[in-house]
Each structure stands twice: as C-alpha cells, then as structure tokens.
Amino acid sequence: EDQVTQSPEALRLQEGESSSLNCSYTVSGLRGLFWYRQDPGKGPEFLFTLYSAGEEKEKERLKATLTKKESFLHITAPKPEDSATYLCAVRISSNTGKLIFGQGTTLQVKP
Amino acid sequence: EPEVTQTPSHQVTQMGQEVILRCVPISNHLYFYWYRQILGQKVEFLVSFYNNEISEKSEIFDDQFSVERPDGSNFTLKIRSTKLEDSAMYFCASSVGGTLNTIYFGEGSWLTVV
Chain A
1 EDQVTQSPEA
11 LRLQEGESSS
21 LNCSYTVSGL
31 RGLFWYRQDP
41 GKGPEFLFTL
51 YSAGEEKEKE
61 RLKATLTKKE
71 SFLHITAPKP
81 EDSATYLCAV
91 RISSNTGKLI
101 FGQGTTLQVK
111 P
Chain B
112 EPEVTQTPSH
122 QVTQMGQEVI
132 LRCVPISNHL
142 YFYWYRQILG
152 QKVEFLVSFY
162 NNEISEKSEI
172 FDDQFSVERP
182 DGSNFTLKIR
192 STKLEDSAMY
202 FCASSVGGTL
212 NTIYFGEGSW
222 LTVV
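Chains as they are written, first to last, in the numbering used here: chain A, 1 to 111; chain B, 112 to 225.
Watch out, some of these pointers could steer you wrong.
Only some residues are given here: those of chain B computed to face chain A with a beta carbon under 8 Å [stated by the list, open to error]:
id, residue
1, 154
2, 156
3, 159
4, 176
5, 218
6, 219
Across the chosen pairs, the derived CB separations fall in these ranges [stated by the list, open to error]:
id, chain 1, residue 1, chain 2, residue 2, range
7, A, 45, B, 208, 17 to 25 Å
8, A, 28, B, 174, 32 to 40 Å
9, B, 170, A, 110, 35 to 43 Å
10, A, 55, B, 223, 16 to 24 Å
11, A, 40, B, 125, 35 to 43 Å
12, B, 194, A, 63, 36 to 44 Å
13, B, 116, A, 19, 48 to 56 Å
14, A, 74, B, 133, 33 to 41 Å
15, B, 138, A, 53, 30 to 38 Å
16, B, 139, A, 27, 23 to 31 Å
Hint data in this document are derived by calculation from the structure and do not stem from the laboratory.
Just so it is clear, CB atoms sit at the ideal spot from N, CA and C, and this is done for glycine as well.
Turn these sequences into a full structure, and let the hints guide you.
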C-alpha cells in the first residue's frame, strides 16, 4: 500500500535554531514529491516539487532534498512567521496526478 | 498571482440535506480535483476531473458525491444527502496538466453537518 509518513508530528524551535523535517514514503512509482505549507484553517500553499533522487530546491530559509526513500525539508534560521504545518505529498504513477499526503509536521518557532 | 477560489468558506447544514460546494479553478488549468481534510487528519484525495469527466476517484467518493463543470469557469462538488461524517474542510485544486504539473489548492470550504 502506498504510504507517506512525516516526522516529527510537532516541532518547537527557538528563532534562529535550524532543523529538519522528514518525509518517508513507500510508493509503487514516484512521479513527484511535493512540499506544502498549511496555515490554520487555510489551504495547502505550494512550496516545492522534487522529481528525482539527489534533487534539491531552495526558497528563502527552506531547502528541500530527495532520496529514493525520503525527503527532508531543512529550515535554516527560522523566524516566527515560519510557524505552520508542513505537508509532504507524493504523486504516484497514475494518469490523474492524485496526491497522497502525510499527516504533516506542525512547526512552532518562538521569538 | 492566479489562485483557486472557493465558496462558501463555511457552511452548516442539517444531516440529510444536499450541499453544493463551488470552486473557480485557475483559468488556464485543465485538471481539477477535490480533496478533503477531516479535523486533525490527513488531506485525502476524493476525485480528479479532466475533459468533462471523472478520471479517478477514491473509495470515499461514493454515490452520494458528484462533480460537475457547469460552465467554462466553475467546478462543483455536490453531496446529495449529508452525513455527520461528511463534516470536513473540502479543498478544490487545479493543475495545468496531469502528472508532471504542480497542483494548486484553494482556501477550502468548511462543512459542518449537524
């Protein structure tokens, strides 16, 4: 069964304290791994797409990496405004682009 | 920046009533989706729609659910007879193409069934 697991479930950091979020997956055929940010009561906001092992993408304080079994979202020197739930999703081999989501990591950054 | 818009943002309905959730996808997108998120749970795929027909649906998307693109801009999700367990945030999403394109989500419609 296709599965996506994120860890930790929750993470509390001090402002400036760098860390990483993990997304591990077991799927029949990966056609892309996506990272989204979700604020409370809002829809997922697109951050990155990664397609192949070894690929990396960066945006401001965030950097996403991909291996054959997992992806990491590295947060460098986070600020309070980075507080949100970060969702990982995979697109498996299909004609429809359906995404399978992990349960998310809720990040709280304290000033 | 183009965005997916959804209405209503929040709806309360009686069990057994019909509900229609509306979405305006990004204008040049061709693939449309509905997902839902029950409070505290994962975002779950419901259905994908392309070329005026359903291309894939999940086990959740049973006969109580239907989707429609009534005109060139709107995409709707109808729940025929709501149940308590249908209470969730429903997200509309769209993408330019299928497999290799990013899926953009709307802000969601929060449905409460009482």
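- Query: Does the structure break any of the earlier hints, and which numbers would those be?
  - Reply: 4, 8, 10, 11 and 13
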